[in-house]
Amino acid sequence: MKELTMNINSLPDELFTRAEFIEEKVEDTGFSNYSYWRSTIRTFFKSPAVKVAVTLMVLLVTYTIIYPTITDLDPYTPSLSPSQWNLSPSAEHPFGTDGVGRDIWARVWFGTRTSLILSVAVAVFEVGLGVIIGALWGFYRKLDNIMFAIYNTLTNVPSTIYLVLIAYIMKPSIITIIIALVATGWISEARWFRTRILAQREADYNIASVALMTPTRRIISRNVIPHLVSLIIMDAALTIPYSIGSEVFLSYIGVGLPADLCTLGNLVNQGRSAFLVYPFQMIFPTLILCFITVSFYIIGNKFADASDPKNHL
Amino acid sequence: MSGKIFEAKDVIIKFNLRGQILTAVRGASIDLYEGETLAIVGESGCGKSVFTKSFIGMLDKNGRVESGSIKMNGTELSGYKTEEEWLTVRGKKIAMVFQDPMTSLNPVKTVGEQIREVISWHFGTDKEQAKKEAIELLRQVGIHDPEKRYGQYPHQFSGGMRQRVVIATAIACRPEILICDEPTTALDVTVQAQILDLIKNLQKDLNMSVIYITHDLGVVANVADRVAVMYAGQIVEYGLANEIFKDAKHPYTKALLLSLPQLGIKGQDLHSIKGSPPNLYKEIKGDAFAPRNPDAMKIDYMYEPPFFKVSDTHYAKTWLLSEKAAEYRRELETSTDDEKAEPAAAMDFSNAKKLVSVKNLTVNFKLGREEFSAVKDVSFDIHEGETFSLVGESGSGKTTVGRAILKMCHSSAGEIFFDGEQVNRKLSRDHLRRFRKSAQMIFQDPMASLNERAKVEYIISEGLYNFHMFSGENERRDIVANAMRSVGLLPEYVTRFPHEFSGGQRQRIGIARTLVVEPKFIVADEPISALDVSIRAQVINLLNKLKRENAFTYLFIAHDLSVVRFISDRIAVMYKGRIVELAETEELFAHPLHPYTKALLAAAPVPDPDIERHKKLVVYDPQQHDYSQDKPFWAEVVPGHFIWGNENELEVYRKNY
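Listed in order, the protein sequences are those of chains A and B.
The first sequence begins at 1 in this note's numbering and counts up one residue at a time.
The second sequence begins at 1 in this note's numbering and counts up one residue at a time.
The hints are simulated quantities; they were obtained by calculation from the structure and are not laboratory data.
Remember, it's a predicted structure, so these values are computed and weren't measured experimentally.
Please note: incorrect hints may appear among the correct ones.
Claimed, not checked - Here are the simulated lysine-lysine pairs, DSBU-like style, with alpha carbons at most 35 Å apart:
| no. | chain 1 | residue 1 | chain 2 | residue 2 |
| --- | --- | --- | --- | --- |
| 1 | A | Lys-142 | B | Lys-9 |
| 2 | A | Lys-142 | B | Lys-109 |
| 3 | B | Lys-576 | A | Lys-142 |
| 4 | B | Lys-376 | A | Lys-142 |
| 5 | B | Lys-282 | A | Lys-46 |
| 6 | A | Lys-310 | B | Lys-71 |
| 7 | B | Lys-376 | A | Lys-46 |
| 8 | B | Lys-455 | A | Lys-51 |
| 9 | B | Lys-309 | B | Lys-366 |
| 10 | A | Lys-46 | B | Lys-520 |
| 11 | B | Lys-324 | B | Lys-309 |
| 12 | B | Lys-426 | A | Lys-310 |
| 13 | B | Lys-520 | A | Lys-310 |
| 14 | A | Lys-310 | B | Lys-455 |
Okay, chain B solo, but in the shape it has when bound:
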């Protein structure tokens, strides 16, 4: 690490929003050194994106940098007003890669043209030369056959490929700093690993400094040299990656690391952070995290803490580090020194009743004139009381399976049994009613799954009305109040509208809605992937608590293997509409056999820099299976561990087991 090339100091950014003033960034500072990777971690709304956007003058019209200095190589940028001034920096010295590659690319221009334009526009290169350079760039970001790809349109590229193109345009002007704003959040896990790898290599080749903005601590562990943790518009702690992950000092950073499902112990509650991040319209007094910190001190509510030095590279903004708090610190250390609990033994469900049984399910969709199978010949059973997880990337058909079981989607072939009766056929009204009451659903996006125009009271009561589950208004109100309490919300809130709640609270309202009808079986479709890290643990704990209390059976749908490990009893891995491997959770993690499962496992980011740094990228190529003569089938390798493969492969799997 050599010279400092970029510095932002005490930046305050305000927005005028609906007649109110929102202070999105409340005095944040960072330094960036040549060739290093700095990760800014924080939850949505903490101001991390806004903060970095101010570096290149890309704040929305209603926002402004109120005070503070932004310096690049000694040049002060914060005084820039016009577009021309900013254009000397934006793209040329500091380039940015955004989350969604589709919105960064123009759909009606070929990708080659888009890159060529950037080059000609910035350097005045002539067309032929620029084209050559563009092709070279495409090759550099790992696109095969760049000459042919040059003339193609963005829709002909997959999500990961598009992000590569966006990166190519970003590095076209050889910027000194590359800001990546959640560059992989919209991508699948295996693709994410490839993109992270690409950025790392480019950084080395071009000697860039990279700023990552992300909420995913696993990604941070993989890429970052230094980490800055942001909360409520302020950097609360920064230091080298190892210092942050191994020796976090700020209560927020600590809690964030503890609440990761990857680190949970089965059968125990995850460490969870209560509440939600503060509303930045209001003035924040003292330490912004104090109201959510059960161990907060009185002073946290009164004065904002300064940065305290931990080591030369590691600083944290918490009163806990002051000398005055030494005694309280000791008190905390002794009290949290509890013994590591043993994980609960895996439960054996093989003798339990089969609640859901899916046999050779196939679901075909028509796309224009063509027909394609979203789900191909899928079979599995879910036993009563079990948590069964379906894991796969986007487009693998996992959601379709869940919806087909709930009769929210047709099934083209195969049978689905629920409680011993076939349900994927026309049911009598009475039967449908029984089925709907006992099988419910939890959605991914808490913003889309609640009726915005109804009060929480109505939303939760909806099932009660439909199944006539109460005898009088008082009883209904009691049931709703109990449901609110059991998901950790105050019953008084029922008169509010959904938009008054934060994402995590809304997700819990959605859970309360399914809870009141007393179902037996719940399909949870990625219930935590749209939530912030600090909120995820709350929801997972809640789902586990409800399962214990009400003997629920879950079908848990997820795209990330590491998350489901904590909650699942059995896991099925889906790829392109087919289940390729199915086993008990620990068995699957101990002996992953199918190459795709291995790739998924390897790609899942682990929040530990030591492991992440030395990880080898495993790429799954479906071409590696030779199914031309030897046809694959569904086979049991060892009891309870199923896999999709042909005779040859199975032999290898058995040998390597």
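The following block holds chain A by itself, in its conformation from the complex:
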């Protein structure tokens, strides 16, 4: 109350006359500068775990991208000289060499690259398919019966069985693995998005759009999906570690990618055979695998928290 101490009589009389009233300015008082995305990203990066995970992931991804161009090591050519076989880690071979003298450091980064490409592809297709089908499922009640039949059939049979089946029928290749993983994962994604969309469907702003005769396809693409973007990102981030894990599993049981291709799964599988004698051959690829998996889980989960407006403090 500083004003109280001020002597009112000392104020000039002129101040006690009508001020100009600017009608346009009045509306300005109500604006807020809240922005959903700005707040989400701010909340997201507040967590120290996220800062670490994101920094390391960015470095790792950048490194796997540029590694093939800066190295002259060939991860595929075996060495004919037995003196190069099963070497322990050293300055020349940071992760050592495998049973035929290939540099594991090089193989790990090539493998990470393959696994990341594969898992990102799976995430994009699986979540993409899930969103589209989930949206249709949520908006057209008629689809309920058939979709639930498919859902029950697919989820009641253990996914391993048809993962193995598809991988057997088709030639082992990256495309095969992508198809196999997407084929097992899309239905759960669709179901998950259906529930989300059902919750949005009856919201007032969608009813307003229906009253304005906005076609359903545009209600889905302009009203509903933009509201779910943060969920979609989160979901994709969580699908990535799962797909990497599945690739490792498939390679491990021998129906994954061709054994001569560098992938984390193949590396772990090959390291396993020599594990008792040369444990590092399996430990290093596994460490990288764990790191990627854990980082994506942290990123996905923290993003889910950050995207909830309740946490925007």
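Take the given structure of chain A and dock chain B to it, following the hints.
Same frame as chain A, but now just chain B:
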């Protein structure tokens, strides 16, 4: 009124919110005397809830009391840090009742247990004794058959009953002060009146002081001994209820009272306050209300005014009261001394074309395996150019009727005609298109009715795209800009997202969206009930202006009779899915016949303490109708005045008319 038991002085409360500092309370002070009722009135976001929450240490984690003193019976509370310290006050000396009873009660525990726990926990009473006391409390808050109710769960109680239980838990420890934070906002009007009555009686019996926090001036008039008006984190005026209602000095209080729809004169614009309350992230210079006050003085923009004394009990924080402003004050008084305008005569629409005709509409919903009728055998006509209001409490089916007319909801039986053609059947694409274009909707909640992820430009253009109403981008932009202007917003704002606007502005964007498709008929579903008092008048004026300019026909849905009086030509009162009475507005207010209409009218709070104090509570009990033999039907008592009743009742109604 005797001793002062509570005092808050120059309290400043700040929040860290999204990296910014929000000053929610900017130096507010109140005194509370023994046995009195103090009402703190203000719009949402003015800091009234936060202010009172600081009295019992219940601020959210990111908020803090920056400075100021909070004293109870001479003990300083503002230095309390730990929960233990606060627990000596919270519940025991100061108890709080919140707006939504469902969130204050634990859904998986019986209500009796919840009250018993409070008693045992605070006083260490043994179980049997505490149970007895809990039952006694339930009886005290007016719950019938408390022994049986003791063992029931919150979901078995109605909203009003739940609020009674919450009040019982609040008074369990015999607090000296009861803070009621919008205790009746979530309740129906008739229930609201009962709860207010209950709190009043309890206050007398237990000799408590009560602080009401509310935005509803009608409630204030009913309960308050003293009133404090809060704006932008400050108390701007306080005084006895009569002084505030009859002799308000602060321009904000004055404008607030003038803008009430209850006081409007039909055919005239309501007095409206422009703009919205200020954003408290920004530093406020001078009088916070100045930018919205057309009569502000230059000094209002420069220095914050001190409190000026009006009488011993009445103070106002405005430069207008200073001696220096005496001349300007006189100037204002002479200019506002305009003659009271006569209300426009009621218009006769009976010869106008019937635009909407509802015949024996019934809507059934399935709830699990059971089927219930949300709307039962409802019939009415709306004439072209008319504003027809449907009034009823929550669950009366009024929204369902509106949605059924717009084909947003199925109809189980009956017919709905729009412009002479039946619409509650499968329409050809072309017909549906014509219908959708001419019948539109305005929603209650401006927060939920706009697509948050689209720019205002797209939101307003949505109908234009769908009905191909423009020939080029330039034309579309012009239409959008015109629509923005006609709802009082600058056309430049179209590039912003909805969340950048305040509630009232968003509601106007929603109106602009329906406006561009040039409809004939608009269903306005409680368009003002989610808005602040100072914003309501803007929206009502806008709706009336649009009606005059575009010859709209409105179906106006509301829960409060007093609000619709100002805008409606005819009113239908709904109860449990049935229209019980239908008449022209003034006729209905002059001769309410159905007991439910009477109860509704009596329950509606009037912003005048003299009337409110002496009001008698009318409770409607549907059991009073004996329809066992003599079946009720829809009858016209006098021309244009319809009512639902049986032969016996109609005879009484006619006699008492």
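> Holds or violated: Lys-282/B with Lys-46/A, Cα cutoff 35 Å?
Replying inline: Given pair Lys-282/B, Lys-46/A holds - Cα atoms ~24 Å apart, limit 35 Å.
>> Check whether the Cα positions of Lys-520/B and Lys-310/A lie no farther apart than 35 Å.
In response: Roughly 40 Å between the alpha carbons, so the hint for Lys-520/B and Lys-310/A is violated.
>> Lys-576/B and Lys-142/A were given as a pair; does the straight-line alpha-carbon distance stay at or below 35 Å?
In response: holds (32 Å)
>> Lys-142/A and Lys-109/B were given as a pair; does the straight-line alpha-carbon distance stay at or below 35 Å?
In response: violated (40 Å)
>> Would the hint linking Lys-46/A and Lys-520/B be met if the CA-CA limit is 35 Å?
In response: This hinted pair is violated, its Cα atoms lying about 52 Å apart.
> Keeping to a limit of 35 Å between CA atoms, is the pair of Lys-310/A and Lys-71/B held or broken?
Replying inline: holds (33 Å)
>> Please verify whether Lys-376/B and Lys-142/A have alpha carbons no more than 35 Å apart.
In response: holds (29 Å)
> Hey, Lys-426/B versus Lys-310/A, does the alpha-carbon distance stay inside 35 Å?
Replying inline: Distance of about 42 Å is beyond 35 Å: violated.
>> Need the status of pair Lys-310/A, Lys-455/B: alpha-carbon distance at most 35 Å?
In response: Holds, at about 22 Å.
> Is Lys-455/B close enough to Lys-51/A, meaning Cα to Cα at most 35 Å?
Replying inline: holds (32 Å)
> Holds or violated: Lys-324/B with Lys-309/B, Cα cutoff 35 Å?
Replying inline: Roughly 15 Å between the alpha carbons, so the hint for Lys-324/B and Lys-309/B holds.
> When you check the alpha-carbon spacing of Lys-309/B and Lys-366/B, does it fall within 35 Å?
Replying inline: Violated, because 61 Å separates the two Cα atoms, which is more than 35 Å.
Checked against the numbered hints given earlier, the structure breaks hints 1, 2, 7, 9, 10, 12 and 13 and satisfies all the rest.
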